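Student: Residue numbers (the working numbering), protein chains in the order written: chain A, 1 to 509; chain B, 1 to 341.
Think of the hints as simulated: they come from the structure by calculation, not from any bench.
These numbers were taken from a predicted model, which means no experiment stands behind them.
Idealized CB from N, CA, C, for every residue including glycine.
Misleading hints may appear alongside valid ones.
[Claimed, not checked] Heads up, simulated EDC-like pairs for lysine to aspartate or glutamate below, C-alpha to C-alpha not over 20 Å straight-line: (1) Lys374/A - Asp222/B; (2) Lys395/A - Glu447/A; (3) Lys348/A - Asp283/A; (4) Lys51/A - Glu9/A; (5) Lys348/A - Asp211/B; (6) Lys65/A - Asp208/A.
[To be verified] Away from chain B, derived, C-beta distances all over 10 Å, residues of chain A: (7) Pro109; (8) Asp120; (9) Val152; (10) Phe310; (11) Ala333; (12) Leu336; (13) Pro344; (14) Glu355; (15) Ala365; (16) Gln367; (17) Gly371; (18) Phe375; (19) Asp454; (20) Gly489.
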Amino acid sequence: MTDRDIVLEARGISRAFPGVQALAGVDLTLRAGEVHALMGQNGAGKSTLIKVLTGLCAPDAGSIKLLGAEVAWHTPQQAQRLGISAVHQESHLLPNLSVAENICAGRYPRQPWFKGGGIDWPETRRRARDLLSRLGIDVDVTRLAGGLPAAVQQLAAVARAVAGDARVLILDEPTSSLDAGEVQALFRLIRALRDQGVAILFVTHFLDQVYEVCDRMTVLRNGRLVGEYTCGKLDARGLVAAMVGREIVEAHKSAAHAPRTQETPAALSARGLARRGALEPVDVEIRAGEVLGVAGLLGSGRTELARLLFALDPRDQGDIQVDGQPVRLEEPADALRLGLAFCPEDRKQDGIVAELSVRENIVLALQARMGLGKFLARAAQRELADRLVAALGIKTASIETPVGQLSGGNQQKAIIARWLATRPRLLILDEPTRGVDIAAKQELMGEVLKLAADGTAVLFISAEIEEVVRVSDRILVLRDRAKAGELPGDAGEDAVYSLIAGGMAAGDA
Amino acid sequence: MKRLAQHALFWPSVTLALLLVVNAAFNPSFLAISWRDGHLYGNLVDILNRAAPLMIVSLGMTLVIAIRGLDISVGAVVAIAATVAALLVGGGFSAEGANTSEHPLWFALGAALLAALVCGLWNGVLVVHARMQPIVATLILMVAGRGIAQLLTGGQIITVYYPPYFVLGSGFLFGLPVALWIAAGLWLVLQWLATRTALGLFIRAIGGNPDAARVAGVRAADIALCVYTFCGLAAGIAGLIISSNVKSADANSAGQLLELDAILAVTLGGTALTGGRFSLGGTVLGALIIQTLTATIYSLGVPPEVNLVVKAALVFAVMLLQSAEFRALVARVARLRAGET
Numbered sequence: 001m002t003d004r005d006i007v008l009e010a011r012g013i014s015r016a017f018p019g020v021q022a023l024a025g026v027d028l029t030l031r032a033g034e035v036h037a038l039m040g041q042n043g044a045g046k047s048t049l050i051k052v053l054t055g056l057c058a059p060d061a062g063s064i065k066l067l068g069a070e071v072a073w074h075t076p077q078q079a080q081r082l083g084i085s086a087v088h089q090e091s092h093l094l095p096n097l098s099v100a101e102n103i104c105a106g107r108y109p110r111q112p113w114f115k116g117g118g119i120d121w122p123e124t125r126r127r128a129r130d131l132l133s134r135l136g137i138d139v140d141v142t143r144l145a146g147g148l149p150a151a152v153q154q155l156a157a158v159a160r161a162v163a164g165d166a167r168v169l170i171l172d173e174p175t176s177s178l179d180a181g182e183v184q185a186l187f188r189l190i191r192a193l194r195d196q197g198v199a200i201l202f203v204t205h206f207l208d209q210v211y212e213v214c215d216r217m218t219v220l221r222n223g224r225l226v227g228e229y230t231c232g233k234l235d236a237r238g239l240v241a242a243m244v245g246r247e248i249v250e251a252h253k254s255a256a257h258a259p260r261t262q263e264t265p266a267a268l269s270a271r272g273l274a275r276r277g278a279l280e281p282v283d284v285e286i287r288a289g290e291v292l293g294v295a296g297l298l299g300s301g302r303t304e305l306a307r308l309l310f311a312l313d314p315r316d317q318g319d320i321q322v323d324g325q326p327v328r329l330e331e332p333a334d335a336l337r338l339g340l341a342f343c344p345e346d347r348k349q350d351g352i353v354a355e356l357s358v359r360e361n362i363v364l365a366l367q368a369r370m371g372l373g374k375f376l377a378r379a380a381q382r383e384l385a386d387r388l389v390a391a392l393g394i395k396t397a398s399i400e401t402p403v404g405q406l407s408g409g410n411q412q413k414a415i416i417a418r419w420l421a422t423r424p425r426l427l428i429l430d431e432p433t434r435g436v437d438i439a440a441k442q443e444l445m446g447e448v449l450k451l452a453a454d455g456t457a458v459l460f461i462s463a464e465i466e467e468v469v470r471v472s473d474r475i476l477v478l479r480d481r482a483k484a485g486e487l488p489g490d491a492g493e494d495a496v497y498s499l500i501a502g503g504m505a506a507g508d509a
Numbered sequence: 001m002k003r004l005a006q007h008a009l010f011w012p013s014v015t016l017a018l019l020l021v022v023n024a025a026f027n028p029s030f031l032a033i034s035w036r037d038g039h040l041y042g043n044l045v046d047i048l049n050r051a052a053p054l055m056i057v058s059l060g061m062t063l064v065i066a067i068r069g070l071d072i073s074v075g076a077v078v079a080i081a082a083t084v085a086a087l088l089v090g091g092g093f094s095a096e097g098a099n100t101s102e103h104p105l106w107f108a109l110g111a112a113l114l115a116a117l118v119c120g121l122w123n124g125v126l127v128v129h130a131r132m133q134p135i136v137a138t139l140i141l142m143v144a145g146r147g148i149a150q151l152l153t154g155g156q157i158i159t160v161y162y163p164p165y166f167v168l169g170s171g172f173l174f175g176l177p178v179a180l181w182i183a184a185g186l187w188l189v190l191q192w193l194a195t196r197t198a199l200g201l202f203i204r205a206i207g208g209n210p211d212a213a214r215v216a217g218v219r220a221a222d223i224a225l226c227v228y229t230f231c232g233l234a235a236g237i238a239g240l241i242i243s244s245n246v247k248s249a250d251a252n253s254a255g256q257l258l259e260l261d262a263i264l265a266v267t268l269g270g271t272a273l274t275g276g277r278f279s280l281g282g283t284v285l286g287a288l289i290i291q292t293l294t295a296t297i298y299s300l301g302v303p304p305e306v307n308l309v310v311k312a313a314l315v316f317a318v319m320l321l322q323s324a325e326f327r328a329l330v331a332r333v334a335r336l337r338a339g340e341t
């Protein structure tokens, strides 16, 4: 590769948002005919960099050269006119328009016989058909986009992005909702575009996909550039280390087959738990008084596992046993009855009922289990809420304060209090410390350990490996929506990292 | 005083009081109540009696709106229940004095309420299980229901000649209208359910955040189904009262536009149309406000052709009075004026 091939060169890009420096002096170089991976954990600055490149937000500092000439753009339309297109994870196609309409949207061919005439529909369809067949995508362009499988929509969205002769194509987590076969179809398209000389920026959380399709990568951490690497030079373990900012000393390959710590019967066990597009079949077993940590990168299936165990999403397969008995577990109300509890990842969306009081939020699950027939009297409600507010140190003006007025950490504690009130057999905590300040974080972790000591089984999910290692008796490691292995709690962070980095690292080494 | 002003029912009460004062100003005898023919008599009693069906329908509507739903078919359900009851009671003039019925009264009333219950269940199934938008799902019955009622009557107005049937709509018990007793009883039962059982908590949780309620194990689907079914039943009860009051069932006009009055009553009472926050007492006040409005228009002698315009203007004024933003604006303007002088 020579400098002649450089299509886009960004230097020293910085951008601050209120209270956070999202990007600080980041460089990025994209070359024609190359697939370039942009890697980093949550909050590393990937999204902000993409927004800068696509004109969604302006950088505070830094310069961007396109084909050697310094340029600036302020809107996505300007960026597109310069040949920079993006396909985002969620903005697929307009479901109520046909594929052809979607592909030509914004640049419909006009009927030639009078000026400013109507849209030339046959020509629209012809162009869409030409484009798709050139890219090897086989789809009827007259069909409504909404009726197509997610994968085909994704391919068509990529086609739309390159329809205007894109020089730079940005793919932001394009594979997060595709299964293995669909990913391959997308990769064929990516390779075809690469061979046509398009510079492609590929953002993903799936490490193996990076090594499969990318030539080079740029790693960000906390808004700063860690470095640019060619994929052959940095193995998966090195990449994870670069992303999390920690050197991995050595791999514990044998740790994946650690012996079971105890032989008490499982409080809950799931065999072959799976849901298409969310989780490959996984076996989970968790005993009373045990903290089972779940570690993995975003998109590894952490949250999906929790949602399937609590029956928030229907599972395609898998048998679940509680105390050795097969059980009916089809909806959250069943899970509640079986003594499961679930603190969801998204506190606002799935956790609190903001306008209800702290007391009402705390008694909600217990009252739901008691049903309509038995009413927890007001006095009993107050006593329960007072006790849990004190026990968890929830800071609130009164138990009658709407929970929405509490700080994030205290809202989180209120949700944990809600579940403690049901005296659960198994408590599933999905990222319980996210967005919680350090002091509250320590208190929460202390509560989790206390619960386990009292005999509650705890499934602890966190993106912070350090936290998982500190509290867990065993650690289940997920990678690419499948179980990568299981480690004893004392295995150490490095062992977890190398398992997250996966078999590739071991194979390459 | 300040705490009083912050009470949820403060502004609806003020509105109702203002309307009564306006009436009293124009017609000093408006507030007069006397004892006549063994029961209370006067404009106020009349308003209470006429407001009863709207109260009942609005109470059902309150719960539906509280769980982020809507039921615009209540008017049609009123027509169905009225028609079924009138057809089954039937009866006719006879030389002995017109007190025969086709079927026993309990059977006719039961069948009418069952029909209304089924209507509500149908709405519930469409919304909860077929996952249709509430306004679309209930629009089906709103249109079809009146058609069904007309089909049953063959397009005729069914007149009832069986006096015991008239008790519901124009009878009196302990000096007060029977319809009012029914509405008050229903209100008390609901109030009890909402505050002394878990139903109120569940409904507010579902309305406030349906996803969170589901995660907390609340059986939101079952509760929603019950709420829609109850709303249908309430409309059925109102239908019986209305047809009993006019001694006939008119499939075409019974309960016409009642759904809009019910939504208005619920809104006036301070229930959030976005779900979650609801007030049964507020709804009762809302229904009374609407009926008083109607009475006001008649008592002011507004010509029938401008009737609707006057009602619209009054509703607009009432809504402004109830809007916290508007009151804040008025207060700001008043302060500015005071500052100038």
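Student: If you test the structure against every hint from before, which numbers come out violated?
Tutor: 3, 6, 10, 11, 12, 13, 14, 15, 16, 17, 18
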